[in-house]
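Novice: Given next are the chains, with one letter for each unit.
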Amino acid sequence: MDFNDTPEEAAFRKEVRAWLDANATRKSDDKQSFRARNDDPELLAKAREWQAKKAAAGYARITWPKEYGGRGGSPILQVIYQQEEANYLVPLGFFDIGLGMCIPTMMAYATPEQLQRYVKPALFGEEIWCQLFSEPAAGSDVAGIRTRAERDGDGWVINGQKVWTSGAHYCDYGIVITRTDPSVPKHQGLTMFFLSMKTPGVEVRPIKQMSGGANFNEVFFTNVRIPDSQRLGKVGEGWKAALTTLMNERLAVGLPSGGLDVDELMELARDTDLEDGPAIRNAQVRGKLADWYVQQQGLKLTRYRTLTALSKGQTPGPESSIIKIVAAPKMQDLGAFAMELMGPAGIMKEEVPGAGGFQAQWIGGAGFRIAGGTDEILRNIVAERVLGLPADVRVDKDIPFNKLKG
Amino acid sequence: MNFDFSDDQKLLKEQVRKFLADKCSTKVVRRVLDGAETHAAEVWKGLVDLGVPATNIPEAYGGLGLTPLELCVVAEEIGRAAAPVPFDSSVVLATEAIKLAGSEAQKKKWLAALASGEAIGTLATAEGAQPPKPRSIRTTFGNGRLNGVKVPVIDGEAATFAVVLANTGGAGDRALSLVLVDLKQKGVKAKRVETIDPARKHAELTFTDATAELLGAEGEGWSLLERLYDAAAVYFAFAQVGGAESAMWMARDYALNRQAFGRAIGSYQAIKHKLADMYVKLELARSNAYYGAMMLAEGGADLPLAAAAARIAATDAYDFASKENIQTHGGIGFTWEADTQFHYRRARVMALSIGGPLAWKDKLVSRLEQKNAA
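Top to bottom, those sequences are chains A and B. All the letters of the first sequence, read from the start, carry residue numbers 1 to 406 under this note's numbering. All the letters of the second sequence, read from the start, carry residue numbers 1001 to 1374 under this note's numbering.
Please note that a few of the clues may not be correct.
[Said to hold, decoys possible] Straight-line alpha carbon distances no greater than 35 Å define the calculated DSBU-like cross-link-like pairs of lysine-lysine that follow:
(1) K1010(B) / K1371(B)
(2) K27(A) / K1371(B)
(3) K1371(B) / K14(A)
(4) K397(A) / K1010(B)
(5) K300(A) / K1323(B)
(6) K300(A) / K1018(B)
(7) K1274(B) / K405(A)
(8) K312(A) / K1274(B)
(9) K1274(B) / K240(A)
(10) K330(A) / K1045(B)
(11) K1371(B) / K349(A)
These aren't lab readings, by the way, just hints derived from the structure by calculation.
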């Protein structure tokens, strides 16, 4: 057992490091990051620039086939690139959904001409893609969407509303799941399309989140006309296409990086004076520190097990399905506990040094437990796919969508 | 990245698993639980024939000379079967104690006897109420004689020798030494004591001027014990992971079959999510255990921290899976006839025997503080 690279991996890592050294600034420590918010336009411009550089060098999507600008490399090389890139001060995040979810769905369903047109600009950061799935009445039960697409000559007219669309306000294209036949049960009446976000009738309204940020949006569709050539997959087979996208989502929504963790909590516990002495000497505090350390290590090491399988060219086991189930509540609880240690001032911005970071964990954790599959949905997935337990009872499964209540 | 066991190690694991599935069914666990026998002697003999006690003993002392990694995969299978054999006591605690602190003569004598199955060893630390600590140990050793009472001692009747934590008169932590004592002598009396897990028999050992010898230097007992426990924590973690996994699948099989309100109970989220949580804890424990194994195998500086994390995660996983397995079974799971009790009992015995989570969490944070200060 060891954590070492194979000779091939080591050579690739060296090559990547040399390229990054030549093209980016190394972080002074691993907590340093691009501090600007995601909705900062200057940040987006910088991110496009970095993406283009990366794509030109062949590092943007290592596992993609060469014809699409990838290098046909194994997944472990993609991971190695990301591990190394994480050590540099570069703006990331804008292209993950497009390249991780939308374009792979396009690859599965779009025509060669369309791929010729759309893949490269996405890879180079010139065009950004979003995923238009969730709706006000369809979150975890995404097949319950109501946005309609109706035939109109050789095209389609879309009416309805999407929500929680990350990045829609700066995106150029999106893939959208619609209901094309309400007279059949809900999974059967869906069809997937892609469209330009500049299409007349598409209106994006940012949603201000509890954290104060505004990375999510509502997207309204009012008589949006698109040609049939923008359909992805067959009419009525949108669910199958959506599953292709969602499979990729679980891989894309990884661990939040750079957040405060056990080390910082220990520092805080050392610096906090409780009635009976430093908090670090308090048995309850120590118990919590130990529990979170065990989780933090467990997550890191579980990831190493997955990487081991990738490195050996094997399909990873289901162990990585635990990651978000553990990481999200830990983020929320650890943040809340750190604030508790600070006493009443824990609610104030930066009265106690570092307070803001822990408050961000506490606030952000509430969102992270929902994004990309709630705690509850993820437990269902583990129970069904790993342990082979039956699916939940779905009383609406065989009923025509337009006969459902609500 | 090579954070997994080798194909050969997996093969060994499969071999032990098959042997235990065949020879150590829950019927055997029940027989020992209900009966008077100290352990399942025929299973133990089979394990000796497979070379289990010899696994991690150097060839120079009559062992197989394999690495800690091989013993880890074996431990997982022993735990999975909840096997009523002196594995934790003899193969882990006694063997590791002698490897850690034994003189050349002691290793020659005892390791060879352990490897061949001729000897069964155990570790005796506790003296009744109050967790053992330097100021509470009354058993004394001096002039080659051991006096005192140790209870509970796992496999105290089956064992042919014991490593005993005894007071040798020093100050503070240095009051304690490890002492090696042959149990088959006149000055030693073993009396069975009742515990929560009759499938693993425990005894009270009374030493009256028993002939004994130091194991390791005088005054080093407490620090040797801490190092011994670090190694043991890793092997125990694998056994606990095996047990937790077994309890999880037992609960899952029952949840698939048991019908209530017109459908399998495993289709209700209250049950599904409980079982998903078993899996989450199991995988956290497995990953931490692997790192413990890696540190043990390479003698890594991170062993104390890795061992504590492995111990805490595995204890949590086994406790949770074994108790929620009973809960998933409902009333039938609380009967004497049900197999659910084996893991429930074993999980608690394993949680307490080398210090419980309270002690290990404290140790973990101390070690983390030391590491951060370094």
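Novice: Under the constraints set out in the numbered hints, which ones does this structure not fulfil?
Specialist: Violated hints: 4, 10; rest satisfied.
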